[in-house]
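Chains A and B, in that order, give the protein sequences. Under the working numbering, the first residue of the first sequence is numbered 1, with each subsequent residue one higher. Under the working numbering, the first residue of the second sequence is numbered 1, with each subsequent residue one higher.
These are calculated hints, taken from the structure and not from any lab test. Any given hint could be a false lead.
Quick list of in silico lysine-lysine cross-link-like pairs, DSBU-like style, CA-CA up to 30 Å [as the list claims (entries may be wrong)]:
1) B:60 x B:252
2) A:192 x B:80
3) B:455 x B:297
4) B:80 x B:60
5) B:80 x A:82
6) A:82 x B:621
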Amino acid sequence: MLRAGGTIGPAATLTHVGPPVSKPFGSADPVESQNINSIEVGDAGGVPETVAFVDGIQRYAVEARIGVEPIVRGYVAAAVVKRVAGELVVVDQATDEFLVTALGRLTEEQRAILTGIGLRIVDSGAQDRAHPIMDVRQAALVVERRRDQLETALIERHLVQRRDTWLVVDGSISKVAKSFEDTDARILGLIKSHETQFLEGADLQVAVTLPFGHRTSVFRRGSLSHGSVFSWYLRLWPWEERELLYGLVRIERPSTEATVATASQVSRWMLAERAPLSAPDGRWDRLFYPIQQVETYLRAQLGSWW
Amino acid sequence: MIKFENGRTVGRVIATEALPASPHQFHFWTATDTDLGIGAIVRVDGEGGRTVYAVVTDAKAYSDLASPLHEVVAAEGDPKGLTAPTHRAEIRLWTAAVLRHVPEEPLQPVPLAEVRVADVADVEMALRMDGFVRSESPTGIPIGVYRAAGLQAPVFMDADFVLGPESAHLNISGVSGLATKTSAVEFVLSSIFQHFPKDKGSVAAICFNVKGPDLCFLDQPAQLGQEDREMYDVLGIDPVPFDPVHYYAPFKADGANLNTLRTHEDLIGSVTPLVWGLREVLDYHEVLLSRDDIDAKSDAFLDFLADRVVDKEFRDEWGNTHRVSSFADLERLFRAIFDGLELAGRGDIWRTHHIATIRKVRNRLLNISTRCRGLVTDDGSVSDLPFGDFEDRGVYVVDVAGMDQLGQDLVFTRVVSRLREHLERRELGVDHIIVFVDELNKYAPSDGPDTYVRKMLLDISERGRYLGLVLFAAQQFRSQIHRRVVGNAGTAMFGRMDMDELATPGYQVFSQATKIKLATMPKGELMVRHPHFTQAVFVRFPRPAVLSGPEGIKRFPPQVDISFQDAIVRQLTALDRSIAPAAVRDLIVDHHELDVRRAFLATKRTHPQDVLSYFTASLPKVVRREPTGRGNEPVTPLRVTDDPYAS
Chain A
1 MLRAGGTIGP AATLTHVGPP VSKPFGSADP VESQNINSIE VGDAGGVPET VAFVDGIQRY
61 AVEARIGVEP IVRGYVAAAV VKRVAGELVV VDQATDEFLV TALGRLTEEQ RAILTGIGLR
121 IVDSGAQDRA HPIMDVRQAA LVVERRRDQL ETALIERHLV QRRDTWLVVD GSISKVAKSF
181 EDTDARILGL IKSHETQFLE GADLQVAVTL PFGHRTSVFR RGSLSHGSVF SWYLRLWPWE
241 ERELLYGLVR IERPSTEATV ATASQVSRWM LAERAPLSAP DGRWDRLFYP IQQVETYLRA
301 QLGSWW
Chain B
1 MIKFENGRTV GRVIATEALP ASPHQFHFWT ATDTDLGIGA IVRVDGEGGR TVYAVVTDAK
61 AYSDLASPLH EVVAAEGDPK GLTAPTHRAE IRLWTAAVLR HVPEEPLQPV PLAEVRVADV
121 ADVEMALRMD GFVRSESPTG IPIGVYRAAG LQAPVFMDAD FVLGPESAHL NISGVSGLAT
181 KTSAVEFVLS SIFQHFPKDK GSVAAICFNV KGPDLCFLDQ PAQLGQEDRE MYDVLGIDPV
241 PFDPVHYYAP FKADGANLNT LRTHEDLIGS VTPLVWGLRE VLDYHEVLLS RDDIDAKSDA
301 FLDFLADRVV DKEFRDEWGN THRVSSFADL ERLFRAIFDG LELAGRGDIW RTHHIATIRK
361 VRNRLLNIST RCRGLVTDDG SVSDLPFGDF EDRGVYVVDV AGMDQLGQDL VFTRVVSRLR
421 EHLERRELGV DHIIVFVDEL NKYAPSDGPD TYVRKMLLDI SERGRYLGLV LFAAQQFRSQ
481 IHRRVVGNAG TAMFGRMDMD ELATPGYQVF SQATKIKLAT MPKGELMVRH PHFTQAVFVR
541 FPRPAVLSGP EGIKRFPPQV DISFQDAIVR QLTALDRSIA PAAVRDLIVD HHELDVRRAF
601 LATKRTHPQD VLSYFTASLP KVVRREPTGR GNEPVTPLRV TDDPYAS
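Chain B extracted, bound-state conformation (with noise of 0.2 Å):
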């Protein structure tokens, strides 16, 4: 194989009657030993100083051969038989579709000259990129390497067009498991914290881990190989992992072992119990409760308990005062009402609300806390992100992959939620937030009922960029998302496709020779759009410098379930290591659950320099039984029987 040094001659642009050159696209040959492909950039040199950039789109290579039947003549019918001594002449030819037109006027046909191997200025200037890599504040984000013809070049985004405001937002689509889609967005990521503009602000991302393990090791280090840190180099990218992670998950129904992967001794301690209470369900009450069950009675009365009653003295017709902080105050007053109405016979009306609307709020709402058990407590415990204390460059991974739908919905909506409200008061304590969601189809999809959660992506999508409010979305089908999410996307990358989705319309700008690319791309490629780029190309990007799931699961392999009082002791314990596991057993063996999780989530919050004297402190007296020295001896039977089955 011919292998052409960069800048150097390749081939030549033709152009007939029915394969004409245009402004946008043309035609050329080359040798048939080439190492030029699909996505090779290229430039054609015209006289009086023009010059075109464009990118290969298509491939096509012939031979002189008129009909098939003159090879089996030739070989006498036997596939196995006459072995040519000479090859057929053969052409190869390639369709290239222009990037860029330097003088950009007049726009004319591309000249009939030859065709060059672009070189590291080239790919620069045929995808725009001069513009904000050489500007005098440079905003160029390093998004992998273009790889062609001999050729590593960085290629980069303009982190205006990813973060805003020009425009937002990065899609990525892909078969599971080869479209390597988390390990681009945790590259991403990382390559925006470390080339971000510091005078453009600051920024930190949010990571919904909805399956299995996939970024719950996102502090962990990597092994990476020669390749990848050759591309980091190429990339000004240093390989190392985030710093700082902050992990975030529920407990399980048992209201003790933490709902997440990352639970291995030596990790659990960086995670955060996630844990709310009725008012944060409350404010967000559309996610979980269906608007066909929910009529405007029933929403009447759920305004009414938000806005008079909830976290407020509220004194019922009884003489019984309320103060209705959590689940169990809720149910506590909910029963004083039915009581009271039964007792005074006054009917069903209870404040304008019909008891039987007042029942149907009581089902549904206090369901949720059965449903979401782990995340919502009864007791009124809350922990929660830092919303305004986001860390710059800061991570923070919200692990809803043991939740069920209704679960993730309700936490999915509540942070984004939280997170919107503190960027419009710029209170976040970060300028943007990245919001990483995977299985975008579960959230967004393109039909189905228009929920919630779809409604506040759409408002993401559409108005996130003015707020610094970005979303990076994951999905295996970019056409079941809706149009509205993946149209404002400024930045769309593809890794492996599936053939079906490549034959569905959205993929008809793409030539056929793109779409079998894309269908059998490798790990760790990926075709990108970006807004400068005219055309779409092809890069590489080295492994994340983080440990994978996988790996993660193989190197930490989470611990089993255990009991609510050896999860609390684990738990202390890997707050600090010198605490004794029997001290704190001792400290909660005569204290109620409610109390110890109320306790140990203060501690966790607080980080307090002396964890054990700060649960310590944190847990409510009681009253210790002391010993008689009887209470454990056996009781003389009053009355002896013969009965031999007495005993």
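Extracted from the complex, chain A is given alone in its bound form (with noise of 0.2 Å):
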């Protein structure tokens, strides 16, 4: 395999076909340079004086079924942790407890028994015909979207009260382009999944085979209804004998000149944020230590709803 050019993988066993990929592909424009290259960014450092991260959690349960209809309870979360003098404080949060359910196959009468319990009723939007398990996705895309506009709430406030702060955004950051679009806004998206693939052929190789410590160039993620991002790929771990994908992240800037000219700078911080590691989470390898508090203060919030 090493004399063709190839090299080796962890050789993991694996047993069932994994979850479809909703969108695997979207479309890129260099902007650094012609292609897309591989650009050594240098030793770790650089990570600005106040950061905030941003980061929501989302909890959803079959909390019981009027027929075959689910009811399902929906709890989301998000939150801005700043660090200061390296420890870290909440400045920020918001969350929202509502029960999702199909509220066009309800009578009145059910809809006012449910609405007697306090919670918030939303309906999923689910089509006429009823399947047990589609219905209970729909609910779950309905919470999953609340959770999104959570953090894009904190989000958009954070650029307007906090401007001089560091936003670190766990994701991407297209959803609040038309904040910033075309200015030097503090915020930065980490996205740690490669589900959709901007690059293909020689660009995508390049991308996928990171060195350690070496980024590609900047390229623009394609035509987005709410604003662009300029973008790069960075390797944040030697991926040597582990998954193509390991230690991989993708960052997203607002798309501006100053992104493409600070783009090593902001890679040496983003190496810097590895430590301290956020294991035992299985995400480690990608997952920065302050996110990973977020999610647990979340968490925590919570109590025994997990």
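Dock chain to chain to rebuild the complex, using the hints, since each chain is given by itself in its own frame.
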């Protein structure tokens, strides 16, 4: 394999087909160079004095059924944690709890009974034909959207109230791109999953086989309805003899020239964020400790309903 | 660091199945930046007006680091590698031992509520001091300042539990030089003298100085720092030296120089020689004569001497009359017996006592006057402590530091026995007497022979509180002291301890954190156990207001030993500065040393207005040598020779 120009993998044994990838491909336009290149970023360091981290959690459970209709209880929470002199302090947070069901399939009387519980009721928008599994999935998507809304609200509030403080978002920042398009907002999205591939061919190979401490050249994520962002891949840990995506993150920043100019500097900062390790979380190779702490805080707030 | 105002919330009680809250112990967490520490007193207020007071006994801190390997990975194997920009989440988990529940019943687990730092009133309640500090007739004796989380609060002992009758005695342990045992005892004595309620009677202290100059300067003021003065203020104690202080020391073997380090010319006048004769020794022959050596026959002969001979007119079988008052008289009696038996050829028995037994007893007794020379005199002179006239709040220092073990045992036993006898008859002069003994391990060891001294200490420990005879004792290793002695000490103090000592079974009741605190405790801090305190508490005490031994030696360096005549001159002139040394020299030049010493002791004992006249009157009359006008001329040789070596 090595002679054939290949690499040795972890050879982990699998049994099941993984979940379907909802959006496997996206498009990208190189910004920093004609083609996607591998660039060594240098030693870890350059951590800004004050940085905030935002993340959210979601929980849902089928609390009851009326007939076959699932009554799903949803809980979502998001928080912004600011790091000052190494200590994390919660500076903003939001929570929501509600019931989700296919309201169109319930009678007036059934709706009234649900309303009596005291939680807000949200329509799942499920189709007329009931499906015990798909209906729950539909409700879960509502819960996920609500969590996304809470996070977005906190991000937007941060961009208004604490413009001087860097904000690291767990996930894409494209949803709020309109808020800072073509500005030098101090915001950064950290994407750990790589379901959607924006590069292809040789560019893709450069990206997913990046050596440790290297980044790709900056590219623009293709045609976003709510604004565009610049992005690049960064290898946080040596991946040899592991999965291809081990220690690989994608970073999103506002689409400005400054983003390109500071891509290596930001990458060095990201390398510095590897410590402390977020282990034993299974995603520790890509999950930064402060973001894990936001999740831990939100879970602790949630109490026994995990 | 977050500074908590007293009474403010610092943490919250937690309880899990593995770490439950019980009526006696609970756990709580605090912020990582806290000035709380081991020994801090906290309170927990539950619902329904229930309050629990507790003292922090243990603490743990840990982070969310699941495996040390994660740190290695994060640093990429280099300890100086990656510096983490975020501090890991940490917990400060504290364990507290309950001091008091209010109300006391029903006794329930500690409520899972907020934990607050104790204020001054809380400390008083927690240590149950309200019962004797706020009562109609308060009996609080300050023992130090509780200092934790920014609070300073006085801590009191109950006089009824220190000087009796409820319990008594104080025992202090700690390593030499670092535990400040002697300083602690000096401070506590000062506190007792100033705070012991008048209606509880009078109190005095006898301190045995067993090493160096430790207790030689109790009447001299020390320079105190601002922090010490503040502590004295908090405790309500006036930082002044003891007054009066009386010093007693035996002579050295030369019978002239005092066997003490308090011989500076400014101080020696206040030292009274401690001199005993035959009677004083014979009453305590058990201390001096080994039981393995002295059998029943010897005992019988010793009793015979004590009952029939000493200080009585005694006629022997050969027509001689003896009045045995001194070792010299005793030697004359023995000589008369041996000579009489030999001349009479009457065999080996004298008054049912075999001559071998008599010789053995003679050898042992006369050996005492040799081994304890300086304390025990051959001539019968006596200078003793003022049994019957002890002064209220008076300190009596008996300096035995320069004596050998036998002499120290004799002094200790006789003094304490006499104290007990006088207290039993209520004739000591004070109602309570505190006996301070350092190096208790020498006198009451947990192992070794059952000596007379140890038996006496056990007796004091167990019965002393009824008499007002209170033992303050210090030692390096508590584990090496007889259990009944330490067990009967109502109050125990612990200074800096040795880890080996802390590993012994007697310290199992303390948490590991408490043990480590004991092993690293700074000077001036003590852990105190007292009957009213459910748990041991840590207190700080100020430096004593008296000169320490080393400071005293520096300021009052002892004088070098001098001749008998010069020693008498120095000690007499110290009593009265107006006396001309030459006048004393002229007075004593023609007198025998025994007579001079006897006259000097009488003068010291009497403290006359006119020292020189009294001393002169105490000397026996002697026929002075008158100059003849030729006494100093060389004698002309009777015969002249040519031998060059003859002159």
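Results of checking the hints against the structure:
1. B:60 x B:252: violated (58 Å)
2. A:192 x B:80: holds (28 Å)
3. B:455 x B:297: Measuring from Cα to Cα gives roughly 23 Å; hence the hint holds.
4. B:80 x B:60: holds (26 Å)
5. B:80 x A:82: Between residue 80 of chain B and residue 82 of chain A the Cα gap is close to 26 Å, so the pair holds against 30 Å.
6. A:82 x B:621: Since the Cα atoms of residue 82 of chain A and residue 621 of chain B sit roughly 101 Å apart, the hinted pair is violated (cutoff 30 Å).
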